[in-house]
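J.: Take the given structure of chain A and dock chain B to it, following the hints.
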Amino acid sequence: MATPSPSLFQPALVREAVGQAFVKLDPRTMFRNPVMFTVELGTAVMFLVTLGLLFRPDATQGSFGYNVTVFVVLFLTLLFANFAEAIAEARGKAQADSLRKTRQDTPARVRQPDGSFGRVSSAQLQKGQVFVVEAGELIPTDGEIIEGLATIDESAITGESAPVIREAGGDKSSVTGGTKVLSDRIVVRVTTAPGESFLDQMIALVEGAARQKTPNEIALTILLAGFTLVFVIVCVTLQPFARYAHAPIAVASFIALFVCLIPTTIGGLLSAIGIAGMDRALRANVITKSGRAVETAGDIDVLLLDKTGTITIGNRRATHFWPAPGVSEGELVEAAVLTSLHDETPEGKSIVELARQGRRLDEPALQQRALGGEPIKFTAETRSSGVTLASGQRLRKGASDAIGSLAHAAGQPFPPETSQHVRTVASNGGTPLVVSENDRILGVVELQDIIKPGIQERFERLRRMGIKTVMVTGDNPLTAKFIAEKAGVDDFIAEAKPEDKMQYIRAEQQGGKLVAMMGDGTNDAPALAQADVGVAMNSGTQAAKEAGNMVDLDNDPTKLIEVVEIGKQLLMTRGTLTTFSIANDVAKYFAIVPALFMVAIPALGALNIMGLKSPQSAILSAVIFNALIIPALVPLALRGVAYQAVGASALLRRNLLIYGLGGVVVPFIGIKVIDMLVGLFL
Amino acid sequence: MNKELLGLGVLFGAAVLLALPLGRYLATIYRGDKSWSDFLAPFERLLCRLGGIDATRPMSWQQHLGALLTLNLVWFFWAMLVLCCQGSLPLNPDHNPSMAPDQAFNTAISFLVNCNLQHYSGESGATYFSQVFCLMFLQFGTAATGLAACVVVFNALRDGTTDKLGNFYNYFLKSLTRVLLPLSLGVALVLVFQGTPMTWAAKAPLVTVQGDSTFVSRGPTAAMVAIKELGTNGGGYFGANSAHPLENPTYLTNLVENWALMLLPLAMVFALGYYLRRPRLGYMVFGVMTAGFLLLVGPAVYYELHGNPALTRLGINQPLGSLEGKEIRFGAAASAFWGISNTVISCGSVNSMHDSHLPISGMNELLGMMTNAFYGGVGVGILNFFVFIIIAVFISGLMVGRTPEFLGKKIEAREMKIAIIVALLHPLLILAGTALTTHLYANSPTALAGWLANPGYHGFSEMLYEYTSAAANNGSGFEGLGDNTPWWNISTGLVMVLARYLPIIGPVAIAGLLARKKYIPESAGTLRTDTATFGIMVFFVIWIIAALAFFPALALGPLAEHFTLY
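From first to last, the protein sequence lines stand for chains A and B. With numbering that gives the first Met the number 0, the residue at position 91 of the first sequence is 90, and numbering never jumps. With numbering that gives the first Met the number 0, the residue at position 316 of the second sequence is 315, and numbering never jumps.
No wet-lab data here; the hints were simulated from the structure. Among the hints, a few may not be true.
Unchecked claim - SDA-like mimics (lysine to any residue), calculated; alpha carbons at most 25 Å apart, straight line: (1) LYS517/B to ARG291/A; (2) LYS212/A to LEU512/B; (3) LYS92/A to VAL231/A; (4) LYS126/A to SER289/A; (5) LYS512/A to PRO520/B; (6) LYS467/A to THR160/B; (7) LYS480/A to ALA523/B; (8) LYS92/A to THR190/A; (9) LYS512/A to ARG277/B; (10) LYS288/A to GLU411/B; (11) LYS517/B to ILE145/A; (12) LYS516/B to GLY511/A; (13) LYS512/A to THR160/B; (14) LYS416/B to MET29/A; (15) LYS416/B to ARG291/A; (16) LYS416/B to VAL231/A; (17) LYS467/A to ALA99/B; (18) LYS516/B to THR190/A; (19) LYS512/A to GLU411/B; (20) LYS512/A to SER522/B; (21) LYS517/B to ARG505/A; (22) LYS467/A to PRO497/A; (23) LYS163/B to THR69/B; (24) LYS512/A to THR525/B; (25) LYS517/B to LYS485/A; (26) LYS451/A to SER154/A; (27) LYS467/A to TYR518/B; (28) LYS517/B to SER289/A; (29) LYS467/A to GLY407/B; (30) LYS485/A to ALA523/B.
This is chain A alone, in the form it adopts within the complex:
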């Protein structure tokens, strides 16, 4: 369950972020961001100039008040940029903390070398140690069940209130610290050292200690550094030009021009955007092991999805009874229900449910008949199950060839109509179960996969995003094809073995595609590692979780779709804000360049198309606009630009119109308005 975020700026977070904004002024931290680092240098120079003016006024540098104002605005620009990063971090941390609360210090009963169990604080648990948990207790840390089975309440992490079953061996052996055992007793081996759980890794990632720039962030930083350099050149060379033109320029104006032209907007928001991306993943209850994984998710071309649970609702359900010729429907239904009363499988239950619908089923009578009967469990050899009643009646249901061979052995015919039913059901994507009474064929029960409502639309949306969906299923190709068509997936892997997934992923990757998959079992681990984005379910084995690069706390197979959108949003937010930032330069040039030369070259007043009041007010307005636009865009940076699956060109057109054209127009208006306000004081 995604945690809703009521407000972007909760007071406590804002307070923390404001403090951090000052801490982050440390040049050693600033150096990581070349754009803002040059602003810091400019601010330092401005500070010295202002200080100098205090002692030795210099008319060519403008008034002391003007210089102080420029300095203050530049300083605010720095703080705003730091604030953006800090608030993103604070939000990420708050989210992670709320998850971490679940793992407060809980006592753990650890197995001692002599085999007895002693009490230890969960913080002291070491990797490899073994502890025991009983009903009503909290699990102290992440681990793998080595003994026993238990129902566990994982709502603290997933928000899902229904308890889940975890047991030793198999694919559901993993338990998470902070969740509560509801029944039974399990023995668990600790799988992570203290402070190294996925959650701890994620918190470190958000806090910046372990945050590395992703390749895309590096490339963008290069671009922004390039822009910054262009404007270093522009501003440095402007000095001799101005001297030649006898139009001396004050230091404050130079620095103002420089700071306005370099892409401070995106430079100031870049790391906030990255953190917010991870934060959004966390809010969707996905723990990412690196920022890179989120970015890659946006590029995914192929999505491997398990059929069960993702495309179809859990298990197959009975949908129809097809009696054999000469058998009444009631007879078939009764026999089917009798074979299923002891059957705890979802298929068996669904047969009883179907029988109840629209029929007057005398259940107590049937229960009575079943009493004392001997249930026959399903095995892989017999491929059938059923019951032998106290009366000696043998009732069976199972695969058509299994029941068919029983009938054949007993010399009973297999009616051609029933064969026809079997074929029809299979070709419609269903599974036929043949029912027999004392080896006499009674008819067929049709089991169908129920496709999740709304899944077709999601696949359609993925297709528009350019993502190919592949269904992975253990079903035979015929059934698989039918369900694939009905659900609207592009391809399927039928009768899939773990190696098949791996091979499919490799083949797609060889063709240059990026593949994402979700898995939980140990045998999924190689494929999870091979996939470009591997999302392991939290309920899955430790091996699977280690192999993937994301862990989904909700165990929700459709989560991949959200992850892809989060990745795309992240890149889009970077791209649109870069465009906006660069487009702003047009207006800033028209504000500052006339202001620099209007006094010495009155003709250039014609370039003052905004009609700004005076050179000083024009420069101040441009710098103030430049500073204010950063906090103004913080909400957009944190929320991300909305992704729409409308095709790349349409999306580019839309974003170019909003952020490109908007980036040209908005500062013209903004600077003019600020100039009118500034004009009141000058």
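T.: Leaving out everything else, chain B in the frame of chain A:
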């Protein structure tokens, strides 16, 4: 006036119509497909055998650059040798002297890099030998170099994953034998028929109408003028370039020369599309370039046709537009068109004095060279444009939520680094060169008074223009500049070298790196680069990156002059 505009329409329309089939032809021969010019193949093979070159061996991008740079280095020494000794070499009937080393350096470099800045006048500064065997030789060689480098980039973009990008000598040789030589022959013939000299004889005595006797310089002019335009070199035979009555005698030769210079840059754009079998990509690039070109040419033609307001204020009627520094046989419109087309395309020949153009025309000529990607020089125009495509792809890729890719290859940090360095280099060279010079001038205006014919804004434009022209490898001069001094010769020489080779090395390296990457097939989520939307994006990137950086400089030069004048 309408007739003049009609002339421009015919000029531009015919250039595009001729470029389309030529583009198809270029794609065919570079791909190595069958074409009518295959009868030259035995001749090419013979040349290769004589040179000991295996023109079939595929080369990596590094090997291509190695071949290109080595070839150019050898040419440089040859040019220095010829220019420094031309006085004592044969074919010098007018007994012109050898060049001073700094001037020879500037001239050698400027012809080597397809710039042809020319701090000398052909009549007195060069001999027939150096005109033909050094300067004209380089005009062919550098044009072929540009074409070959461009084909290497085409190859890198076409194939799946490879590091073999064809053979440099093959493309170089084919550019000469199958493109430049035949076209030059045709253009030179038209010029000869129209009266351009083509002779080894010394200058001819002439008695003027007033009875004074003088001499008229001549020589093997028609041949050099043809390749000067076709190879977008721009280096004229005579000092006055295509304003000279013997170099560009009639309106017809003006038309042919203007076609000649536009032909190959336009055709290479179409060839890009045909070669990659993505004709739409070619049309997109053509659209962007044409939009940029028209945006610059429109105002220039408008202002030149409307005359100079300073003269209007004196009560002088200017029905033919502003004619100062223009040839009456071409008129104001054709001169303005020529000026912009020669600066947008890095040819840099002149048929009127840009110094006398109105400030907005001067500014647009500067902008043509500052952007340097609206058509651009033969081959290298596309290389420059390629850098802007890379940057545009990067930003727009992010805007649609995918890590950026161009033609199925991911654009990552390394490619961005190279693209940014190349994009950065151009403003750096222009602005730093001009800044140093203005700094020197502002320090000692009296000692350096000979540098500038006009002080003030116009003088600033003259200096800015010189470095812009050098950095764009354009070679046209604003003139009015005393530029045959060691400072100008050496500083512009260095600018020219850097501005030629880095913008070739950069794009070829990017293309080489991309070619090695894994090919990602296009999907519905891929941003298509052959659409109008992407074209607008590239257009936007070029203006913001290439033009905006020069806004302050333009404000102090042409804009200040314009607003003072109007």
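J.: Now look at each hint and say whether the structure bears it out.
T.: Tested hints:
no.: 1; hint: LYS517/B to ARG291/A; verdict: holds, 19 Å
no.: 2; hint: LYS212/A to LEU512/B; verdict: holds, 22 Å
no.: 3; hint: LYS92/A to VAL231/A; verdict: violated, 37 Å
no.: 4; hint: LYS126/A to SER289/A; verdict: holds, 23 Å
no.: 5; hint: LYS512/A to PRO520/B; verdict: holds, 8 Å
no.: 6; hint: LYS467/A to THR160/B; verdict: holds, 23 Å
no.: 7; hint: LYS480/A to ALA523/B; verdict: holds, 24 Å
no.: 8; hint: LYS92/A to THR190/A; verdict: holds, 24 Å
no.: 9; hint: LYS512/A to ARG277/B; verdict: holds, 22 Å
no.: 10; hint: LYS288/A to GLU411/B; verdict: holds, 22 Å
no.: 11; hint: LYS517/B to ILE145/A; verdict: violated, 44 Å
no.: 12; hint: LYS516/B to GLY511/A; verdict: holds, 10 Å
no.: 13; hint: LYS512/A to THR160/B; verdict: holds, 14 Å
no.: 14; hint: LYS416/B to MET29/A; verdict: holds, 21 Å
no.: 15; hint: LYS416/B to ARG291/A; verdict: holds, 20 Å
no.: 16; hint: LYS416/B to VAL231/A; verdict: holds, 17 Å
no.: 17; hint: LYS467/A to ALA99/B; verdict: violated, 69 Å
no.: 18; hint: LYS516/B to THR190/A; verdict: violated, 39 Å
no.: 19; hint: LYS512/A to GLU411/B; verdict: holds, 17 Å
no.: 20; hint: LYS512/A to SER522/B; verdict: holds, 10 Å
no.: 21; hint: LYS517/B to ARG505/A; verdict: holds, 14 Å
no.: 22; hint: LYS467/A to PRO497/A; verdict: holds, 20 Å
no.: 23; hint: LYS163/B to THR69/B; verdict: holds, 20 Å
no.: 24; hint: LYS512/A to THR525/B; verdict: holds, 12 Å
no.: 25; hint: LYS517/B to LYS485/A; verdict: violated, 34 Å
no.: 26; hint: LYS451/A to SER154/A; verdict: holds, 23 Å
no.: 27; hint: LYS467/A to TYR518/B; verdict: holds, 17 Å
no.: 28; hint: LYS517/B to SER289/A; verdict: holds, 23 Å
no.: 29; hint: LYS467/A to GLY407/B; verdict: holds, 17 Å
no.: 30; hint: LYS485/A to ALA523/B; verdict: holds, 22 Å
Hint violations for this structure: numbers 3, 11, 17, 18, 25, all remaining hints satisfied.
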